[in-house]
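**Q** Below, each chain spelled out in residue letters.
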Amino acid sequence: MTVRLLSGRALILALPFAWLGLFFLAPFLIVAKIALSESALGVPPYAPLLRWTDEGVLTIVLNLGNLATLVSDSFYLQAYLRSLQVAAISGLLCVLLGYPMAYAIARAPANRRTLLLILVVLPFWTSFLLRVMAWIGLLADTGVVNALLLGLGVVSQPIALLYTDFALYAGIVYCYLPFMVLPLYANLAKLDPVLLEAAADLGARPWRAFLTITLPLSVPGIIAGFMLVFIPAVGEFVIPELLGGPEAQLIGRVLWTEFFQNRDWPMASALAVVLLLLLVLPIAWFQHVQGRASR
Amino acid sequence: MRILNVTKRFGTTVAVDDVSLDIYRGELFALLGGSGSGKTTLLRMLAGFERPDSGRILLDGQDVADVPPYERPVNMMFQSYALFPHLTVEQNVAFGPKMDGLPRAEIRDRVAAMLELVRLQGLEKRKPHELSGGQRQRVALARSLIKQPKLLLLDEPLGALDKNLREQTQFELVTIQEKLGITFIMVTHDQEEAMTMATRLAVMNHGYLAQVGTPAEVYEYPQSRFVAEFLGTANVFEGLIRTAGATGALIESTEFDAYFESDTDPPKPQGARVFVAVRPEKMRIRRAEAGEMAGTNRLVGTVRDIAYYGDFFMFVVELPGGRSIRVSRPNLARLTELPITWDDRVAVEWEPFATVVLPE
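Residue numbers (my numbering), protein chains in the order written: chain A, 902 to 1196; chain B, 87 to 446.
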């Protein structure tokens, strides 16, 4: 009986680990392997790590050149930094926009909350690509926004909106805002309104009560939302490609170029591995903070 | 504190119905009532969390109905304590003076004095989740007292504590109240708590005030059947007033072949239908003599149940016709000497002063 229970438990525990091993760890190891290979002409376009020398000895040839290039070539470094910067600014913009939304939903009458939450996730029912394309229609020189501004006489000739940083941020913030609103809502809905009454009772005006009670207690929600926006935004390819200007050489675009245009698989893989490490660090920090908060 | 004709509705239900009440400086006043009696709504109006639909709330002669909670010289101790979970004990207590912008040194001194008053020294740096229920209660008390309010409102202050701690805390609260001289208004559903702590109490029922007075007045002279039964236990009989006067009244029971004699002027004239209430502890119980019948202030029945409380016994006596009354008796003798037992025929008697005549 005990043995059977144990094996059942082990099975349940094994499932997620098997999933992670199969679909995360194995691909990662393959990518890491390619990153350490030399690029070659052929299919696949990289040399094997393990090979037999002419004397019949098995040797490992590790190529650290790609990693060295990443560090030494400022082009890649710039792309990383710019990606982190864009992701961080997008995350902050999402906090600024998402916080009032989440707060309003959490404070709305209970029977209206579900409707408001559905409205937040409603855009997901349309294809991601289509929604990004729609922004082109909005922001192009002949697009809706410029037509409106021209029609109203605010501007005399179309202003450049598409292929600018503005379009890039608009796209990212628009696409990722729900990932900020949902965890923040979950956090704010938990806040006991009696705490705010207590603060008011002790002399805190509404705005101070918000700053001293609501805001500090919602920090875990802010961090969770920020991470959910920041992490995918760092490696975002579609939005900068479709909306951003040519100077927006973000790591996602660089990776794509290396892989598909230069067919330099090892370089692209090295970029991916370093990107992953860059993302794991903030997640680890987030876990640490969460662990401390729940203690 | 003066409450004048205050009414509050939630939708179609009237939570507080035309309540007028004066509460004096330095009192420990208890609002007593069951759930839904409107006692908490009344308290929340005093704190400023709800606005009365009509009527006025005067504090030191000044109408505070439109003053928001953060500007009222009134503080509240919440039923759930509502301690700020991200702040330490010290920061929780310092919250009020900090909002008032007091100098840091003064805040520190006041917090220290408050923590000493509620005996929480040494726990300054703890977070609320690291405290026991009793400690949290004391933090909440210190936090609500530190601004030296004119009036402290307490919503079920002892509701979350277990029985032993509750009794001890009752006395502590009363001591602190007397020491500081702050007016306390306390909401409770626990009649024992209200009786032992309050200088005066108000019994609320369906949003109106059923009776206001000192605990002894309300207990000994209830003015309605509701109050008699809500506060303590009462045996209530129906009857008709036969004679009435300043020296007392004689009421004929409409249920039994018996009379009830009272030594006070009844609230209704001769011939009126009234209720008669007699408290279990004011009745004497003894074995009935052979052939003994009910008479004036005497009923005869059969013991159906005996509840042993340790300090007293509660007898359930079935009367002719099937209804039961409760009679208590202090536990003066040893259990083995208990002379009255199940199915004994007993006589229950009481003095005229114990007969309380209530309007129907």
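Hints are computed from structural coordinates only; laboratory data are not their basis. Treat the hints with care, since some could be wrong.
[To be verified] Among the chain B residues that face chain A by a calculated CB cut under 8 angstroms, a handful are:
id, residue
1, A151
2, P155
3, Y156
4, N161
5, M162
6, F164
7, A168
8, F181
9, G182
10, M185
11, Q207
12, K233
13, Y395
14, F398
[Said to hold, decoys possible] Computed far set for chain A versus chain B, every beta-carbon distance over 12 angstroms:
id, residue
15, L998
16, A1009
17, N1012
18, V1021
19, L1039
20, A1048
21, L1049
22, V1095
23, L1103
24, A1105
25, A1110
26, T1158
27, L1178
28, W1186
[To be verified] Below 27 angstroms or equal to it, Euclidean Cα-Cα: the simulated DSS-like pairs (lysine-lysine) are:
id, chain 1, residue 1, chain 2, residue 2
29, B, K236, B, K265
30, A, K1091, B, K184
31, B, K354, B, K368
32, B, K249, B, K184
33, B, K265, B, K249
34, A, K1091, B, K249
35, B, K213, B, K249
36, B, K184, B, K213
37, B, K354, A, K1091
Ideal Cβ placement from N, Cα and C applies to all residues, glycine included.
**Q** Now tell me, hint by hint, if it's right for this structure.
**A** Checked hints:
With 8 angstroms as the threshold, the beta carbon of A151 (chain B) stays out of range of chain A, its nearest partner Cβ sitting at about 16 angstroms, so the hint is violated. Interface hint at P155 (chain B): satisfied, since its Cβ lies 4 angstroms from the closest Cβ of chain A, which is below the 8 angstroms cut-off. Taking 8 angstroms as the C-beta cut-off, the interface hint given for Y156 (chain B) holds, the closest approach to chain A being about 5 angstroms. Taken as an interface hint, N161 (chain B) checks out: its beta carbon lies about 6 angstroms from the nearest beta carbon of chain A, inside 8 angstroms.
Interface restraint check: M162 (chain B) against chain A, minimum CB-CB distance 5 angstroms, threshold 8 angstroms, status holds. Contact between F164 (chain B) and chain A, as hinted, is supported at the beta carbon level, the nearest pair being about 6 angstroms apart and thus within 8 angstroms. The criterion of a C-beta within 8 angstroms of any C-beta in chain A is met by A168 (chain B), whose closest approach is roughly 4 angstroms, and the hint holds. Here the hint on F181 (chain B) is kept, as its CB sits about 5 angstroms from the closest CB of chain A, short of 8 angstroms.
For G182 (chain B), the suggested interface contact is upheld, since its CB lies about 4 angstroms from the closest CB of chain A, less than 8 angstroms. Among the interface hints, the one on M185 (chain B) holds; its C-beta lies about 4 angstroms from the nearest C-beta in chain A, closer than the 8 angstroms criterion. About 22 angstroms separates the beta-carbon of Q207 (chain B) from the nearest beta-carbon of chain A, more than 8 angstroms, and the hint is not met. Here the hint on K233 (chain B) is kept, as its CB sits about 7 angstroms from the closest CB of chain A, short of 8 angstroms.
Annotation: Y395 (chain B) was flagged as interfacial toward chain A, and the flag is violated, the nearest CB pair being 37 angstroms apart, outside 8 angstroms. At about 40 angstroms, the closest approach between the beta carbon of F398 (chain B) and any beta carbon in chain A exceeds 8 angstroms, and the interface hint on this residue is violated. Listed as a non-interface residue, L998 (chain A) keeps its Cβ farther than 12 angstroms from every Cβ of chain B; the least gap is roughly 25 angstroms. With a closest Cβ-Cβ approach of about 19 angstroms to chain B, A1009 (chain A) is found to remain outside the 12 angstroms limit, as its non-interface label requires.
With a closest Cβ-Cβ approach of about 15 angstroms to chain B, N1012 (chain A) is found to remain outside the 12 angstroms limit, as its non-interface label requires. In this structure V1021 (chain A) is separated from chain B by more than 12 angstroms, as the shortest Cβ-Cβ distance comes to about 27 angstroms. No Cβ of chain B comes within 12 angstroms of the Cβ of L1039 (chain A); the nearest lies about 42 angstroms off, and the non-interface call holds. With 12 angstroms as the threshold on Cβ separation, the claim that A1048 (chain A) sits away from chain B holds: the shortest Cβ distance comes to roughly 48 angstroms.
Distance check for L1049 (chain A) against chain B: the nearest CB is about 43 angstroms away, which clears 12 angstroms, and the non-interface claim stands. Once the 12 angstroms rule is applied to beta carbons, V1095 (chain A) is inconsistent with being away from chain B; the minimum gap is 4 angstroms. Listed as a non-interface residue, L1103 (chain A) fails to keep its Cβ farther than 12 angstroms from every Cβ of chain B; the least gap is roughly 4 angstroms. A Cβ of chain B approaches the Cβ of A1105 (chain A) within 12 angstroms, the least distance being about 5 angstroms, so the stated non-interface status is violated.
Consistency note on A1110 (chain A): stated as away from chain B, yet its beta-carbon is not over 12 angstroms from all of that chain's, at 8 angstroms minimum. Non-interface call for T1158 (chain A) relative to chain B: holds, since the shortest CB-CB distance, roughly 47 angstroms, exceeds 12 angstroms. Listed as a non-interface residue, L1178 (chain A) keeps its Cβ farther than 12 angstroms from every Cβ of chain B; the least gap is roughly 33 angstroms. Distance to chain B confirms W1186 (chain A) as a non-interface residue, since its nearest Cβ pair spans about 20 angstroms, more than 12 angstroms.
As the CA atoms of K236 (chain B) and K265 (chain B) are separated by approximately 14 angstroms, the hinted pair is consistent with the 27 angstroms bound. Proximity of K1091 (chain A) to K184 (chain B) is assessed by CA-CA distance (about 26 angstroms); at most 27 angstroms being required, the pair is judged to hold. Pair hint K354 (chain B) plus K368 (chain B) holds up; C-alpha atoms about 23 angstroms apart against a cutoff of 27 angstroms. A threshold of 27 angstroms between alpha carbons decides the hint, and for K249 (chain B) with K184 (chain B) the separation of about 35 angstroms lies outside it, so the pair is violated.
For the hint pairing K265 (chain B) with K249 (chain B), the CA-to-CA distance comes to about 25 angstroms; that is within 27 angstroms, so the pair holds. Restraint check for K1091 (chain A) and K249 (chain B): the C-alpha separation of about 30 angstroms exceeds 27 angstroms, so the hint is violated. A distance of roughly 25 angstroms separates the Cα atoms of K213 (chain B) and K249 (chain B); the hinted pair therefore holds under the 27 angstroms criterion. Pair hint K184 (chain B) plus K213 (chain B) holds up; C-alpha atoms about 18 angstroms apart against a cutoff of 27 angstroms.
This hinted pair does not check out: K354 (chain B) and K1091 (chain A) have alpha carbons roughly 56 angstroms apart, beyond 27 angstroms.
In the structure shown, a violation is registered for the earlier hints numbered 1, 11, 13, 14, 22, 23, 24, 25, 32, 34, 37, in ascending order.
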